[in-house]
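Peer 1: Protein chains in written order, with this note's numbering: chain A, 1 to 306; chain B, 1001 to 1306; chain C, 2001 to 2272; chain D, 3001 to 3272.
Some hints here could point you the wrong way.
[Said to hold, decoys possible] Cross-link-like lysine-lysine pairs, in silico, DSS-like; alpha carbons within 30 Å at most:
1. LYS275/A to LYS2269/C
2. LYS3187/D to LYS1135/B
3. LYS2085/C to LYS1285/B
4. LYS2007/C to LYS3269/D
5. LYS1160/B to LYS3268/D
6. LYS2040/C to LYS275/A
7. LYS2140/C to LYS2152/C
8. LYS1091/B to LYS1154/B
9. LYS1088/B to LYS3007/D
10. LYS3269/D to LYS1038/B
11. LYS135/A to LYS38/A
[Stated by the list, open to error] Quick list of the computed label-pair ranges, beta carbon to beta carbon:
12. ASN1278/B to LYS3131/D: 37 to 43 Å
13. ASP136/A to GLN1298/B: 46 to 52 Å
14. ARG2051/C to THR1179/B: 47 to 53 Å
15. ALA1081/B to ASN3157/D: 55 to 61 Å
16. ARG2051/C to GLU108/A: 32 to 38 Å
17. LYS2086/C to ARG1150/B: 34 to 40 Å
[Stated by the list, open to error] Looking from chain A toward chain B, a few residues come up when the C-beta cut is under 10 Å (computed):
18. PHE105
19. PHE213
20. TYR230
21. ARG250
22. SER303
23. ILE306
It should be emphasised that the hints constitute simulated quantities derived from the structure, not laboratory data. Note that the coordinates shown come from a computational prediction; the quantities given were computed from them, not determined experimentally. We put the CB at the ideal spot given by N, CA and C, even for glycine.
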Amino acid sequence: MKSNSLETHIAGLHLNSPTMLASGIMSYSVDFFQRIAKEGVGGIVTKSIGLESRKGFENPTIVQINNGFINAMGLPNPGIASYANEIKKAKNVLNIPLIVSVYGFSIEEYETVAKKAINYGADAVELNVSCPHVKDTGLEIGQNPEKLFRAIKKVKNNVKKPVIVKLSPNVTNITEFATIAVEAGADALTATNTIHAMAIDIESTKPILSNIFGGFSGPPIKPIILRCVYELFKTVTVPIIGSGGITNWRDAIEFMLAGASAIQIGTAIALQNTKVFNDINKGIKSYLKKKRFKNVEQIVGLSQKI
Amino acid sequence: MKSNSLETHIAGLHLNSPTMLASGIMSYSVDFFQRIAKEGVGGIVTKSIGLESRKGFENPTIVQINNGFINAMGLPNPGIASYANEIKKAKNVLNIPLIVSVYGFSIEEYETVAKKAINYGADAVELNVSCPHVKDTGLEIGQNPEKLFRAIKKVKNNVKKPVIVKLSPNVTNITEFATIAVEAGADALTATNTIHAMAIDIESTKPILSNIFGGFSGPPIKPIILRCVYELFKTVTVPIIGSGGITNWRDAIEFMLAGASAIQIGTAIALQNTKVFNDINKGIKSYLKKKRFKNVEQIVGLSQKI
Amino acid sequence: MSAYLRKYNIMRTIPILNIKTENQTTKTITFNDKLCSRAKPGQFIMLWIPRVDEIPLSIMNSQKGEVSVTVKAVGSATNSLNSMKKGQNIGVRGPFGNWFSTRSNKCLLIGGGVGIVPLYFLLKKIVGDDKQITFINGAKTENELLFMSSIKILCKNQTILSTTEDGSYGYKGIITESLTKILRQEKFDIIYACGPESMMRNVFDIAELYKIPLEASLERLMRCGIGLCGSCVIGQYRVCRDGPIFNSKQLRKIQDEFGFSRLDFNGKKIPI
Amino acid sequence: MSAYLRKYNIMRTIPILNIKTENQTTKTITFNDKLCSRAKPGQFIMLWIPRVDEIPLSIMNSQKGEVSVTVKAVGSATNSLNSMKKGQNIGVRGPFGNWFSTRSNKCLLIGGGVGIVPLYFLLKKIVGDDKQITFINGAKTENELLFMSSIKILCKNQTILSTTEDGSYGYKGIITESLTKILRQEKFDIIYACGPESMMRNVFDIAELYKIPLEASLERLMRCGIGLCGSCVIGQYRVCRDGPIFNSKQLRKIQDEFGFSRLDFNGKKIPI
Ligand SMILES: Cc1cc2nc3c(=O)[nH]c(=O)nc-3n(C[C@H](O)[C@H](O)[C@H](O)COP(=O)(O)OP(=O)(O)OC[C@H]3O[C@@H](n4cnc5c(N)ncnc54)[C@H](O)[C@@H]3O)c2cc1C
Ligand SMILES: Cc1cc2nc3c(=O)[nH]c(=O)nc-3n(C[C@H](O)[C@H](O)[C@H](O)COP(=O)(O)OP(=O)(O)OC[C@H]3O[C@@H](n4cnc5c(N)ncnc54)[C@H](O)[C@@H]3O)c2cc1C
Ligand SMILES: Cc1cc2nc3c(=O)[nH]c(=O)nc-3n(C[C@H](O)[C@H](O)[C@H](O)COP(=O)(O)O)c2cc1C
Ligand SMILES: Cc1cc2nc3c(=O)[nH]c(=O)nc-3n(C[C@H](O)[C@H](O)[C@H](O)COP(=O)(O)O)c2cc1C
Ligand code: FES
Ligand code: FES
């Protein structure tokens, strides 16, 4: 295998570059995955998939505030049975890791969907225990230590592939939940999902999102999520995947210096379009060269040494 | 008394306008309070004052990220004994409410400082139980339900003036803490303090703030804090003072529609300078006129009706 | 790949300036918006009806800061929009997406139903440019043929071929028959199409046959409008961001889906 | 009220380009920075020494993208900065604050110790402008008189009055004596002053006596540098944002504090 300074390893997954597609972003179509594979994406996380199909919330499901977005899509997804075809097709045409994001309305649902996703060919699952706007899934589990533990444990016991847990930043102490996740068997952590937020239109005096509340993503949240990653790196030994406001290679480096082994890109696809993966990878490469690092793994957590 | 559409009432305090100076912003000098009084500030919250004087952290104590700031001043303050003169002087020269912000390293310290502040002439105290970067005060109390209750109760039992509690957004569920604060006797809530965050310099690979972590303020946090205010208005009946990223009159209206009876301005003083109070007040007035509201109190919480 | 500027996506809430009834189901709504008034034919907006819905609509006209959309009531959002009054607030984001090219000289515009909205806008923009234009519009019945009187004025030196399925106006039949008829006789530099997807698919197949470049305006479910959420994906493209206008080369890449399948609100592929 | 642009306050980390030793305690450090290279005399920067401190420093010179500051080692940050090597990274925010006016014709510049830094920058900028300039600099002893050789070249058609307390160079005595002496003989349109605050207070009192407009560059503890934190407040002013240059009218408003008291790191008023 040719040596590549951007190679990264996350819980046994081998990524050609540390830039991944975040869950819920353009993630229904394998054709689109192929498009960004050409841009050098290192791994792909699908839309969060549940047991049954879901329509999601009425529009508006997203609102832009400065250079951030508040979204309350409401987890629209075709359900794991329908999505099986996409997973199979993806495994046929892609040669980068495919991680299926999984949510459930109960611990059992998490387990069932995760098992099916792996059976259909997913290289790993990412448990979305942190969706801030759909009732009875996501946060209801991600903010409840005991449920969180049991959900992860159950999935771990039943799948043979890596289990990544996507944490919520909407908690008093994220390290507490990270510790629980790792104790329950999480092979890696994604930090984090979006931050609970809202927007009001002053002309109509009404909340804009149909769901009123949504999850805040993009550049505004970066300093908050960076802090989460920094705290997590101090606390856990499993790899951390950074997700929150990463828009350019500088942001990516900042996250890796804080302790992220890889990073996920969401909102930046709207802000910078699909070339963002390539741009970031190129930027990281130049940085490594300029600073005389041999590979990207050398900078992970480096800012902790002070 | 002349009728004024911007008049607001917060727990017995009478404000000529709903725009207040947030704690910690230019708040050592009464001369500066006079300067912004000319700009129409409705009420002033001082720097958080403790029992003893504190030097604060080494520089850098603040770093700008886009249009937000992360600060870790470390609560530099002269201590209540030294600050007595400023309080007395302020009461002599200002005819707007002076609210002394109070922090302590123990419940007793909160009580002592609050009592003294009121004795020296403060019109109210704002309990800072939410400073995100100084150990053993602020968040350590604001994130601990039981301590929070006892601290507020103790202060309430010992001062005859309004007690405002400034909440932290760095919690899983802010309404839980709000409920506790109100049960303990809080006359109003300030929502909120800054959000825990950090920044790393990629050239030196080091965290920028001397304290590593700090509190994020300014426009980026607005949608998050707005959500806090909206949730609080649903939960408590005491007045809410909004604080977080308010930069112009549109932001101010958005907060009031969400449920804030008044708003505090911090970071915008750097972004817009001291005229920001006047600009916001003028903007609110035009809005009320255009929308045919009689006074600003009519719009408080209006967006909750959907 | 279309441009995307942050300010386009910040919602502006503005009062409705004017409402015009086009026929029983369709109204034209006009409002002031600087950004949208610079939109080009083919671009669309996301229009918010407060606390009801937010839907994509093609821009029908724009001039001197005023922007119009033409809305056919087909469901709850469009019905609710069409029952709004002058002065009521709507929210607008956009303009989004790419636009029709305007380089070619001998143009054929073909639109069905409310699909002629962007073509009408295109017509207005190019009609003065010394081009040779053939405008084919079609609908079920006469009063569903939109903007007829304006189109007649605009096209007084050009060709208009109207088609109604019931023959109440112009040719009786379906619109693609008119297309085939004319292509047998004449060659065009370009075809612009908008309308029901099955019709556009037919137009595509015919255009391929006659080797005439096509630009078709596609519709898909839209949520974000800016290429993020995936609701509008077709093949490797996002209709909101990489479209809504697709040329023949692009359409060939998505010919398995174009006219056949789309994603529903659940992100599930369903037949069209 | 000075301008403040967001980009000025975003920290840039850059390598030290050059270091020049001025005397035993003082060095001049040069780096590349576009924004600062457009700074005007009197403006300052916040300079970050990674994981050590961040301190305010006047800009000493700027040209063609290169910027210099001159630093006297007086404590931990300045010592640490002065022991850095070429190529090491520093962080820079700024330029901040207002600047000296340059309208007047007959100018007197008076600076003590490292306080002549901004005056030297001012001198360089105005010396070619057909002005009549008197430059008074002072220090304890000869080798603390900064930039002497450059100043001599710059001022070859102007007046230089140097003063050392020990008489090792120029007049023996304190700098304000030189000022009084010259004001008895000559009238000036303006006096520019920078140096220890007690000296500047004396300059102020003398300037008031002789009714000559003064612009003095003040120093206070600085944290944010942009008018937010209150560390640098004097009366109603923030030295970082409303200053650091204050004119006679402003100085009169703060005469109870100017030269007498300042805030310490605790925000407590202490004597100067
Ligand atoms: C780029 C684009 C331009 C359009 N231009 C026009 C126009 O100029 N005039 C016009 O009348 N209509 C236009 N439409 C269609 C219009 O958006 C739908 O008619 C409208 O959204 C229907 O909403 P509803 O709630 O009234 O109907 P519903 O009952 O909710 O749905 C009826 C049908 O409308 C479509 N639809 C519903 N919601 C959406 C959505 N969010 N995005 C896309 N399609 C949706 C679906 O096919 C659905 O089956 C355009 C659509 C797109 C994608
Ligand atoms: C607008 C302005 C321009 C300045 N220009 C220059 C210059 O061109 N060259 C130069 O050598 N010095 C300049 N200084 C002074 C310089 O900032 C201090 O010498 C330096 O901060 C001392 O830091 P230290 O850690 O070495 O010393 P310390 O031992 O920390 O302090 C020594 C003294 O320096 C001052 N000081 C310390 N920290 C700060 C701070 N954050 N802000 C302001 N003063 C502080 C205090 O008076 C303190 O008592 C300027 C100061 C200001 C406010
Ligand atoms: C439109 C949209 C949809 C999203 N859907 C999901 C989802 O289904 N599951 C999930 O775990 N995260 C979802 N997210 C969160 C993103 O994966 C990502 O963690 C978050 O947006 C922060 O990263 P960013 O700032 O790069 O966007 C979604 C985000 C957006 C903006
Ligand atoms: C430099 C700075 C210092 C602050 N100091 C305090 C403080 O001492 N006590 C406190 O309760 N809040 C303090 N805050 C928080 C502000 O009062 C305010 O709640 C927060 O900054 C959010 O509002 P903003 O976005 O308008 O700045 C400080 C904020 C800043 C930026
Ligand atoms: S509507 Fe969201 S990607 Fe097109
Ligand atoms: S240094 Fe903060 S206000 Fe001047």
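Peer 1: Please write out, lowest number first, the hints stated earlier that are contradicted by the structure.
Peer 2: The structure conflicts with hints 2, 4, 9, 11, 13, 14, 17, 18, although it agrees with all the remaining ones.
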